[in-house]
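Please build the complex by placing chain B with the ligands on the supplied structure of chain A, with the hints as guidance.
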Amino acid sequence: MSLFGHKNNIDQPKTQGELIYDAQNRTKRMFTTNVAISWIILLLFLFFLFSGLTITLGGYTFKTIHLDTVFIQENLSFIASGIGVTIGISLLSILLATVLALLAALGRLSKIPPVYALSTFYVSLIRGTPLYLQIFFFFLALPQLGIILTGLYAGVLALGLNYGAYMSEIFRAGLSSVGKGQREAALAIGMTPSQMMRRVVLPQALRFALPPTGNEFIAMLKDSALVSATGFVHELMWRATRVGRAQFHNLEALIIAAVFYWIMTLIFTSLQSRLEAHMARGDR
Amino acid sequence: MNPIIKISHLDKYFGKLHVLKDVSLELVPKEVCCLIGRSGSGKSTLLRCINFLEEPSAGIIEVDGLEVHVEVKGKQRRQLVHDLRLKTGMVFQEFNLFPHLSVIENVIEGPITVNNMDKTKAIEIAEMNLERVGMLGKRDEYPNRLSGGQKQRVAIARALAMGPKVMLFDEPTSALDPELIGEVLTVMKKLAEEGTTMLVVTHEMGFAQEVADRIIVLADGQIIEQGRPDQLFSNPQDKRTQALLERYHN
Ligand SMILES: Nc1ncnc2c1ncn2[C@@H]1O[C@H](COP(=O)(O)OP(=O)(O)OP(=O)(O)O)[C@@H](O)[C@H]1O
Ligand SMILES: [Mg+2]
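These protein sequence lines map, in sequence, to chains A and B.
Using the working numbering, the first residue of the first sequence is number 1, and each one after it goes up by one.
Using the working numbering, the first residue of the second sequence is number 1, and each one after it goes up by one.
Same shape as in the complex, but just chain A (with noise of 0.2 Å):
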């Protein structure tokens, strides 16, 4: 049967159709061939920007720049064991903006006048003012009341604060995903309305904010470098800037840095695609 199928293909000459499907596919093809060497060639060129060789064409001399490898061999696993920290203050923030931006969904759809209220005060407030406003209020202006917070927790509390306040739009749009019916059928059985919130409307409205959480969380990789301001905690950007500053050899020390962000962005990327793909199969 597969035989006669594959000779069948041979003689008869392909469609319309079929050819323009397959040059569709060629070019297709082509353009990711053709960025991805792209991609290379800048890569190169970056390191090759970076490698320090002096160059003469043509009578003009070039110099690229030229980084001191010493300093980076000797600083490398400084810099590197921040990472652990930066992780750990994302993951700490994102936990804490995740419930805070549920509250602010609850209450955004709430018919509470105060807790409508509450909601809306508390978004507009956080983005009204800086991120970086913001972690400082709690480190330097908080103490002058009494309170006095850790670097770390200062940090954490701001960047949870923020985040909760933009996510808790992604939660609004979970909640609202979970349509009129399913409340319906929840209720029809005889669940009460927490009951129905908590077995039917929460975990749809969860699932459908998960991934746009995950983007979240990438993004404040990057944005937890902030709280190196308090100078008090020892992420990648605390420890970039100390050596760097310290031995004068800044261009390295953020160069590294900025190395292990975009790693980091990469590989936590990667793990969101292929989350976001699994849930779009959606038979979980």
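Don't read these hints as lab results, they were simulated from the structure.
Each hint should be verified, as a subset may be incorrect.
What the hints assert, rightly or not - Now the stretches of chain B that chain A is said to cover, found in silico as 3 or more residues with beta-carbon under 8 Å:
#1 88-99
#2 108-114
#3 156-167
What the hints assert, rightly or not - With a Cα cut of at most 25 Å, we get these calculated SDA-like pairs of lysine to any residue:
#4 Lys119(B) / Met197(A)
#5 Lys180(A) / Glu210(B)
#6 Lys21(B) / Ala58(B)
#7 Lys180(A) / Arg145(B)
#8 Lys180(A) / Gly74(B)
#9 Lys180(A) / Gln79(B)
#10 Lys180(A) / Gly148(B)
#11 Lys30(B) / Leu17(B)
#12 Lys87(B) / Ile112(A)
#13 Lys180(A) / Arg78(B)
#14 Lys75(B) / Thr150(A)
We put the beta carbon where it would ideally sit given N, CA and C, even for glycine.
Using the frame of chain A, we list chain B with the ligands on its own:
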């Protein structure tokens, strides 16, 4: 025989729109009633007032001896409505299965969450009801892997698992592809034969003729005519009933 459903002087307004006008209706145990009527005549609203998915504006709803006066408010009302919902099972046009739960989880959800039943017992009951609707074979599938007809049969099992006294169906086959309607109607017919009290909003006149004990015709929020299927179909009295049946003949 005492009625198992007794609706007395039910009125329903949506804003200024008077959708149900002084409707009274009784079903005796094991009776199968089909509710027919033009689109917008108030069929869904009548059904949904019985389990308070819609708030009636006036009247009394009584199911299996539990009387709920619309005027009662507050905590007492919430308790009554809750008990009323336990006595009624509802099947929706759009199935409304819980997509995050597997077939068996959909069916044990009510008994476990609402009735605090222990899981082994709930699974036993769920499996029995899935068997009744011929869906036990798909017990671990997720709803999005099922056809419309299969979804609706699971939705019926989910309602049955709560052990309701009456079953309410709101156009259970209207969202289905024609070739899937039969399997759902077969299940409903079987339930009717087992003695389930059923109130069914439907456009399936063949089903109504074959299975119903009584046909009720609703027009503009009022019951305009009712009777045994053979009588009503062969000799409709009201002009609006005639016009309605006319459409199904073509
Ligand atoms: N939530 C609502 N708010 C306002 N009006 C409504 C609402 N639900 C229904 N109505 C109106 O009430 C009337 C009766 O609606 P209902 O859904 O009960 O009709 P139906 O007989 O079930 O029609 P169909 O065969 O189309 O399902 C219609 O005029 C409808 O527009
Ligand atoms: Mg309807």
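To see whether the hints hold, each was checked on the structure:
1. With 9 residues having a beta carbon nearer than 8 Å to a beta carbon of chain A, the segment 88-99 of chain B meets the requirement of three or more and the stated coverage holds.
2. Only when three residues or more bring their CB closer than 8 Å to a CB of chain A does the claim for the segment 108-114 of chain B stand; here the count is 4, and the claim holds.
3. A count of 3 residues in the segment 156-167 of chain B with a Cβ less than 8 Å from any Cβ of chain A is obtained; the coverage claim is therefore met, three being the minimum.
4. As the CA atoms of Lys119(B) and Met197(A) are separated by approximately 21 Å, the hinted pair is consistent with the 25 Å bound.
5. Between Lys180(A) and Glu210(B) the CA atoms are separated by roughly 33 Å; this puts the pair beyond 25 Å, and the hint is violated.
6. Pair hint Lys21(B) plus Ala58(B) holds up; C-alpha atoms about 10 Å apart against a cutoff of 25 Å.
7. For the hint pairing Lys180(A) with Arg145(B), the CA-to-CA distance comes to about 22 Å; that is within 25 Å, so the pair holds.
8. In summary, the hint linking Lys180(A) to Gly74(B) is supported, as the alpha carbons are separated by about 23 Å, within the 25 Å threshold.
9. Proposed proximity of Lys180(A) and Gln79(B) is supported: the alpha carbons are some 22 Å apart, at most 25 Å.
10. Taken as a hint, the Lys180(A) and Gly148(B) pair is honoured in the structure, with Cα atoms around 19 Å apart against an allowance of 25 Å.
11. As the CA atoms of Lys30(B) and Leu17(B) are separated by approximately 34 Å, the hinted pair breaks the 25 Å bound.
12. The hinted pair formed by Lys87(B) and Ile112(A) fails the criterion: a straight-line CA distance of about 32 Å is larger than 25 Å.
13. Among the hinted pairs, Lys180(A) with Arg78(B) is consistent with the structure: their alpha-carbon atoms are about 20 Å apart, no more than 25 Å.
14. Of the pairs offered as hints, the one joining Lys75(B) and Thr150(A) is violated, with about 48 Å between alpha carbons and a cut-off of 25 Å exceeded.
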